[in-house]
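Peer 1: Chains as they are written, first to last, in this note's numbering: chain X, 29 to 450; chain S, 255 to 557.
Hint data in this document are derived by calculation from the structure and do not stem from the laboratory.
Quick caveat, the model's predicted, so the values are computed rather than measured.
Keeping only pairs whose Cα atoms sit at most 30 angstroms apart, straight-line, the calculated DSSO-like set for lysine-lysine is: (1) S:K350 with X:K39; (2) S:K394 with S:K529; (3) X:K39 with X:K72; (4) X:K36 with S:K350; (5) X:K36 with S:K346; (6) X:K36 with S:K342; (7) S:K342 with X:K39; (8) X:K31 with S:K342; (9) X:K333 with S:K350.
Only some residues are given here: those of chain S computed to face chain X with a beta carbon under 10 angstroms: (10) G287; (11) F302; (12) I309; (13) L310; (14) I328; (15) A344; (16) A355; (17) P356; (18) L357; (19) L361; (20) M363; (21) I365; (22) V371; (23) Q375; (24) L382; (25) T493.
A virtual CB, placed ideally from N, CA and C, is assigned to each residue, including glycine.
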Amino acid sequence: MGKDLIQKSLKDSLFTGIIALALFGPIVGLRTVAKNEVLVVEPKWLVVLLIVIFCAVGRFFINIYTFKKEQRRGEASSFGKAISHFLDEKGSQIAIGAIAFSIIFPFMPFADRYWMDIAIMMMTYIMLGWGLNIVIGLAGLLDLGYVAFYAVGAYSYALFAIHFGWSFWICLPIAGLFAGMFGILLGFPVLRLRGDYLAIVTLAFGEMIRILLLNWYELTKGPDGLTGIPRPSFFGLPFKRYPDEGVETFHTFFGLEYDPMQRIIFLYYLILILALITNAFTIKIRRLPVGRAWEALREDEIACKSLGVNPRNTKLTAFAVGAMFGGFAGSFFATRQAFISPESFTFIESAIIVAIVVLGGMGSQTGVVLSTIFLIGLIEVFRDFESYRMIAFGGAMVLIMVFRPKGILAKRKPTITMGKHG
Amino acid sequence: MEYFLQQLINGLTLGSVYGLIAIGYTMVYGIIGMINFAHGDIFMVGAFVALIAFILFALTSIALPIILILVLLIAMVFTACYGWTVEKLAYKPLRKSFRLAPLISALGMSIVLQNYVQAAQGARIKTLQPVIQGGFNFFKESDFVVTLSYLQIFIVLVTIVLMAVFTLLITRTALGRAQRACEQDRTMTALMGINVDRTISMTFIIGSSLASVAGVMFVMYYGVIDFYIGFLAGIKAFTAAVLGGIGSIPGAMLGGLLIGLIETFWSGYISIEYKDIAAFTTLVIVLIFFPTGFLGKPDIEKV
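Here chain S stands alone, though its shape is the one from the complex (with noise of 0.2 angstroms):
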């Protein structure tokens, strides 16, 4: 029961930082219809961007609340110029072009990061000092030690906050109308007078700045990060914005969640070497069963 309790812990924190990059995925697949390969590596940047800013913070005296919000601040900005970079450069010329022109140069686009961010930052791991540490342990009686960390609630709040000021967005501003024009028709909405490249552009500065504060919870949370982590949790991250039913932004939290909470049921009851092969057999299931996910809009095909 402890054991469980603390896997359930573990499962909300981690499926916080997949529900978070799955955001960016549903909401560039919801907009343009493509799969946007490079996300992951978006990602990867962000927890880079964090790291280095923890690290010069870590220097200086300022007190920890200030730090990290400014360090959340520093990773938004700048990974959302390389959303914004890599939409301009390498998906925008492709949007009228047949279907499978995007994704290969999305993956080339994943390659380039992976090995620039190689190239410049070295290629062995960075460990980064643990930023908060404690937090409350539960059944001190007990022969397992239940422990939710400060750093756990922290994540998890942050997700909560930001999903809050999200579906905001989505819902109640101009922005997030547009948005949804968008994902409707694209057409009829540039003929409504609305820029439809300015609103694909936000989406994935949107995209890109959430997918930077899962980095920097990662960064957080793991306080190990190398060039290679996007490729993993960009794969998670789509198998939880495909479980929660692509195009849908509630749907793919609740997506990240589950996936979260597979993993750490997987690795802590069946198997810890066949931890991704969990994600991977979830992926491949929900594909089969329930291609729409749980709130997703069933695909009509027409002729």
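Same shape as in the complex, but just chain X (with noise of 0.2 angstroms):
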């Protein structure tokens, strides 16, 4: 047998060495470089030469490999079934253990600016995650253009907050609300269309919104952006070094010293608030009729319509709902950055946040979580290789699906089962 496999891998990897020249040759090997004013070519074909032997070799081993697996079928265990496995045994207890880990991570003493910043971000992903897997996870409604909800609450935040001069707690509900009226609004006609058709409206929906946002420029400052968004303020004692006049702040208020980390902590304390709002919120009203119905169309919409649920009806909730928490993220970010333009709400950010959901394992709260540190930690991981960090990203995705297309956390635990198993 082994003289036979050796001679098909060689011939396969040969194989696989020609289509990775085709593939990397003109690419990476010609590059464009443009030398006054006029595009010359410049040949790397060093380059290339290390990809394909590094393709044609990788794909040798793959499929030795591959063999000798098939020898032995059987014997080993999936990794990712023994942690979701140790994740349905013990999952209250790492949850419990996790959010505790979370509160006490700002006083870490590790934790400097750094830390606090990827914390801030990380907790920003994973409450946009919870709350579109209100719609992707629980709804089962494949939604490309949550980012749009992202923008409309960001926007409308720091519209409010610039213009009004109103505080955080009163243009955050504001914010939600737009947002969650926006998810009405663009979700009212399209529901009706099956999954991948819905996929691609909302990407448009998107997209629309962004170049609305880039466009009206006496609202929006179009590219440009809105600046001097008010930071947020503890109970109406803001974070700053030097006050005006009659102005008690938080430091001088509780009797600190002045640190500039006292505002970071405050908004990496907010922005857990608020996802760990989102998190109960997706628990408790998954034990409640809507959202039973929502769980209940995603598995059946025509068994739904024939027990009286109506889908329509059904379906905005989730959408309104998911958009509301897209909005309260949105204005978190607004008042974090005090900087917002159309930039940041991409199609780029809503497909991150979908591969958080779906990698995560669809309507797997912790599933989020744990995707949300694997995605945004490899981006961190490779932010000294710019362009090299997306390819990496895009690569996880097609790599878990491939792996494992239910996600990290494929088993889905019914939220309600008929009487008791033994």
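Assembling the complex is the task here: the two chains are given apart, and the hints tell you how they should meet.
Peer 2: So, in structure tokens, the structure goes:
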């Protein structure tokens, strides 16, 4: 068997090498560079050679490996399966542990500015993932334009805060309301569509909102973006080193030394609370009639219709609720950045959020956390290799889908079961 | 009137490009029922291969018609490799998986392709010197001179020729029969002794080479490309495929022409800043009111 296999593998890896040469030869090997305003081609054959050799050799070893694996099939247990089993068993303890860890996180010795920023970013994505999980995971509607609601939330927060000077806690619900209204507005005409079509239409809506933000200069300042968005205050106490005359600040009120980290830590807790509210809401609503209707609708639309569930209204509520949480996250984003522009709301953001939900295992709240840590962590690790990090990100999406098509936490526990299972 | 005529000519040219991309969407949807999200980026890769080929050939002294044919062939071959590889890596393992899995993996592939080209070729826009210049001018005595450039004639001609060849391929050859059979029932087709995997691979190869021709045309027509062109062109071509009735090949071409016309007239008469909204609005309206498109078969829901 051995010789035959090696011969076959060699042939196969030669073929892989040829394909790799065709793939990478022109695009990598012939880089176009502008010299004196004229494009010339700069050959990079060494890189191509390395890639081709890597592909061919890699293919050879993969062949040998899969053959050996086929010989002892059934022995190896999947790593992912073990994880999801572990999480099923100890799910609630781990969740409590994770929440406890996230509460004490800012006071960890290593939690400097850099780590806090990453933590805030991850929390924002976790919140967005949980919000979108209502739409995708519970109601089964693939929304590729979720970033539109994030944008609506951010812009309505910014506009209200700048023009009316309202505080964060007034603007936050307004922004959520606006985003939710947009969810209904956009959802109303399109929810009759089937999965893939719905995905494309929501994508189109997302892009339309972005184009609108880009071109409606009077309101949004177009590509320049909105600046000077007020920072949030701690129940009316601003985080400022040199406050205006007669205004008490956070550090003077509590008798602390001024430290810019105080604001960062406050922002961290803000998003943590917002995210946990989203999570609690989802867990709660799953047990209410409307949440059950969502999940039933995801499983079988026709059966639902015949049992008297109104699919349009049910889907609309899912869309609106998901959009509302997107809007909350958007207003947090606006107040954290103090600057927003349409640049921040491109399609790639939607893709990242959808990836977080689907790769985590649709409908799994813990899955969202895991995949956020994995994907955003991946983007962070590759931060120094600007354009390679999105390659790694996209590649991870493909790989997870290929090897675990149902996501990291594939097992879906039914929210309701008939009777007790022994 | 003259202005209208000019917009019509421009719209038809643009529509040819969209139509060629739309065929790839419609074929893949017909045969495996998924939206190939990376198709727009395959088109972008085709445009880049064409750009590189044009730059290289500009150094030689080959006659222009031969250069054009060579560039078309080169772009088709290399881009087809991309289409084939993408299918093998990202879609084939997911063929029996649940509905969203291939869509997500296609999304990932699209991100990979875009950023790969950005990493390899740089993020800045690339400009190509005009390859074919000149054209016919009409209504010379009026205020608005209507131009029909040789390039536009070339684009429309190539599209017509390709469409003819392609229609023959689908209707007259064994491969075309196998494809149509796979569209109806893959399991049965496999039982009849047709290699379904090979047929699907061929579908991707054909779709990608048509998209690469669109890429060649795009780079010649606009003269400017970057790694991001695939996204918008992809959505517009998908709209075209839906408009014509997804799964229907003549429909894709018709839809492409319509989208090209709608976009040109919108930017000519209404607003150029919002020209992309025209395509999106069309997409939404079509999907809501005519989800089956012009030439599509109605989708019967079975319990």
